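Put the two chains together into one complex; each comes in its own frame, and the hints tell you how they fit.
Quick mapping for you: the protein sequence lines, in order, are chains L and S.
The first sequence: position 47 = 47 (the numbering used here), numbered continuously.
The second sequence: position 139 = 139 (the numbering used here), numbered continuously.
Treat each hint with caution, since some may be false.
[Unchecked claim] Restricting the straight-line Cα-Cα distance to at most 25 Å, the calculated cross-link-like pairs of lysine to aspartate or glutamate (DMTMM-like) are:
#	chain 1	residue 1	chain 2	residue 2
1	S	Lys-126	L	Asp-21
2	L	Lys-31	S	Asp-53
3	L	Lys-44	S	Glu-82
4	L	Lys-27	S	Asp-106
5	L	Lys-27	S	Glu-116
Hints are computed from structural coordinates only; laboratory data are not their basis.
Everything numeric in this text was worked out from a predicted model, so none of it was measured.
If you want the building blocks of each chain, they are given just below.
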Amino acid sequence: MAKIQLNGKKIVIKSNFSLFDLLKKYKLNNKKVAIEYNGLIISKENLKKKKLKNYDKVEIVHFIGGG
Amino acid sequence: MKKGGIKIAGKLIKSRLIVGTGKYKNFSETAKAVEASGADMVTVAVRRVNILDKKKPILTDYLNPKKINFLPNTAGCFNSEEALRTLRLAREMGGWKLVKLEVLGDKKTLYPNMIETIKSTKALVKEGFKVMVYCTDDPILAKQLEDNGASAIMPLASPIGSGLGLQNKVNISLIVKQSKVPVIVDAGIGTASDATIAMELGCDGVLINSAIANAKKPIIMAKAFKDAVISGRNSFNAGRMQKNYFASASSPTKGLI
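Bound conformation, chain S alone (with noise of 0.2 Å):
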């Protein structure tokens, strides 16, 4: 993390964690937390503005778009006219073009529909936008959103605010392996152990936001995730040593008394 970061659509974001914004008490805890991580990106979703209350706070009170790269998200979009609608909509708000694409497929799991994701990727893909895209973990979908354009490739850990952690470890490794683009796990990490493994199959990023917003300190806990990306990181960078049936001693035997 100190040198590199990741690049995404040609763009350098500085930390490989990215944290969500959204469940924590309120923004003051937000923006300590996001202040904790070293994030440099932060998703954020689009709503109505609540014209009831004049005086409500609002995010960008609290987190500046100038200081912080905002990632506008589609979240709680059921297809594709609804994603591309809110998308649009960001890019008028602040000229965003590197947006997360993310089409739900099921209220009870939030897994991705997958044929309107590719869908929606290649339309937004056409009008301009860089699309980091959640997705499920099948390799071949994978690739399949890489083909129509995709800027980066969000497998699911497990699914979205579950905490379950890394459910298919093979299937990220794959598609690690396979993908010219950025790989970021999104959703479903539980701790920051979770976050440390997804770095160490070779991911490029990870994206948190329940298991820090959830945590009882979630102040301490996002400082924990700044730690455990870089360490994820440095791990995979090393290359790890075999794995061995038996032992090996570590100290020599020769002048053993």
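Just chain L, with the same shape it has in the complex (with noise of 0.2 Å):
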């Protein structure tokens, strides 16, 4: 187990979850979004390498309306 922050809340999570295991689990894998892993940007390739621990924070975010 490991508890990490997503989008500001926080979560637990099996242990040895990639973060591609995580896209998956909020169905966004599909989707166009970006994902920001302790504040660095990760690109679509590294995503099954990075193994969330302990107080990671992760920040998946998308495009909404705006002006």
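So, in structure tokens, the structure goes:
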């Protein structure tokens, strides 16, 4: 288990969970999103390589309506 | 609008009317208004995904970035760091390099902070972004943005979402006359005739959000703006008649009975 912060909310995930697994959990793997991991942008190719650990901070963003 | 459109950073945008996608009742209304406006480019914001509701529809379910140009903005950013972070994420999302920078200075007026705006423009241009910049209507600052590599100058007509229309036509004209990059009036337009006036001043385009989204019938208003922008551009190209102090009869006096 690992406790991480996703989009400002504390969540608990299984151990050995990758960023890609996290996207899948929220059904976002096929959506147009961008991921920031501990302040760094992670490109789509590297999502499987990044394993999440305690206290990691992840931001998942997408496009919404705006002016 | 039939011929041309606007060329921004080498890319042809087919309509001189750019529309925002915020403030609509729902995504279906957004999509219909965009369609009615004939816009070829829409602005979008970058925000956190709502992780609590996996089934909630998202914008890209309704507007296809392959069919219409998405212009990611930095709305809500108050300093250069936030703006840069937002646009780097936007670039990661879909490879967009053409972006709209807006760095705000005050929550009440949403006036741009021009010091941070110029700083951000420099940094973004250095990273290879093509930056369309929301700015005040000060010709000197507009020139500085251009000198620092801005791809388009986007002066406000009046505060964002105020609907007050063009408050300083003289300054907008000065910016139009001096600029070598497109000038697009952004923010404050209230109704279709405001857009026509901006186009008659020689602006290359207008960006409208609230005036359409907050109209009682947004889809009809979107069409009104489409026509207003075409009319304004045609009027500018035609060149208006001179103003005179006295009357000049339209019917000849010769042969008068």
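Status of the hints after comparison with the structure:
{"no.": "1", "hint": "S/Lys-126 with L/Asp-21", "in the structure": "violated (35 Å)"}
{"no.": "2", "hint": "L/Lys-31 with S/Asp-53", "in the structure": "holds (14 Å)"}
{"no.": "3", "hint": "L/Lys-44 with S/Glu-82", "in the structure": "holds (22 Å)"}
{"no.": "4", "hint": "L/Lys-27 with S/Asp-106", "in the structure": "violated (37 Å)"}
{"no.": "5", "hint": "L/Lys-27 with S/Glu-116", "in the structure": "violated (37 Å)"}
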